[in-house]
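Read off the chains here:
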Amino acid sequence: KNQVEQSPQSLIILEGKNCTLQCNYTVSPFSNLRWYKQDTGRGPVSLTIMTFSENTKSNGRYTATLDADTKQSSLHITASQLSDSASYICVVRGFSGGYNKLIFGAGTRLAVHP
Amino acid sequence: DAGITQSPRHKVTETGTPVTLRCHQTENHRYMYWYRQDPGHGLRLIHYSYGVKDTDKGEVSDGYSVSRSKTEDFLLTLESATSSQTSVYFCAISDTSGRRAPGELFFGEGSRLTVL
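Chains as they are written, first to last, in my numbering: chain A, 1 to 114; chain B, 1001 to 1116.
Here chain A stands alone, though its shape is the one from the complex (with noise of 0.2 Å):
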């Protein structure tokens, strides 16, 4: 079965700091993977699109990483911000039976405190 597994389910880290999120999936074959930011009460929002070939790809203080042999993601935040608070979701895109397709993780839930 084609899944997609997030961790940890929550984090808490002090403004400032780093942190790192990871997404290991067994959808295959694998075309892509991206990663989104979804604000409480609102939709998510796109940070990265990973193809199989990329292995590295940052957007400002967002950097993901993908080890598709491992089938592994990270998405690493460097000095984190109050506003960083939000859920994240990893997103792969895989074939089956010739349709194409979006497996969702259940997502990070990260809260920054001052």
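Hints are computed from structural coordinates only; laboratory data are not their basis. Predicted, not measured: the structure shown is a model, and the values here were computed from it. Don't be surprised by glycine CBs; every beta carbon is placed ideally from N, CA and C.
Label-pair restraints from in silico Cβ distances:
no.	chain 1	residue 1	chain 2	residue 2	range
1	A	59	B	1017	40 to 46 Å
2	B	1022	A	28	33 to 39 Å
3	B	1083	A	9	22 to 28 Å
4	A	55	B	1017	50 to 56 Å
5	A	114	B	1116	35 to 41 Å
6	A	70	B	1080	44 to 50 Å
7	A	76	B	1027	29 to 35 Å
8	B	1104	A	10	25 to 31 Å
9	B	1069	A	13	45 to 51 Å
10	B	1015	A	15	41 to 47 Å
11	A	16	B	1017	48 to 54 Å
12	B	1038	A	29	26 to 32 Å
13	B	1015	A	9	30 to 36 Å
Assemble the complex: chain A is given as a structure, and chain B must be docked to it using the hints.
Leaving out everything else, chain B in the frame of chain A:
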């Protein structure tokens, strides 16, 4: 921000009543999607549309129907709402299917539905 408007944003209804959620886009994107988001679950696809009057089922389509009579509007209908359909519903749009290119997926702000 992508021009996606969902309405209503909040709705409380009773079991057995019909409910229609509307998604309106101003981006002229071909593909439109309805997802539901529940605690502990990833977003799950209910139905999607790949053009006017062209729709198909997602993984959790039971109890839902959709219609798309215009490019800009995608309606999600619960014919007879049940408590298990209490959820936050998100509309999303894309200009590609994602088959040949990654395709960006833009989400609306969500519609919170409570079925009592």
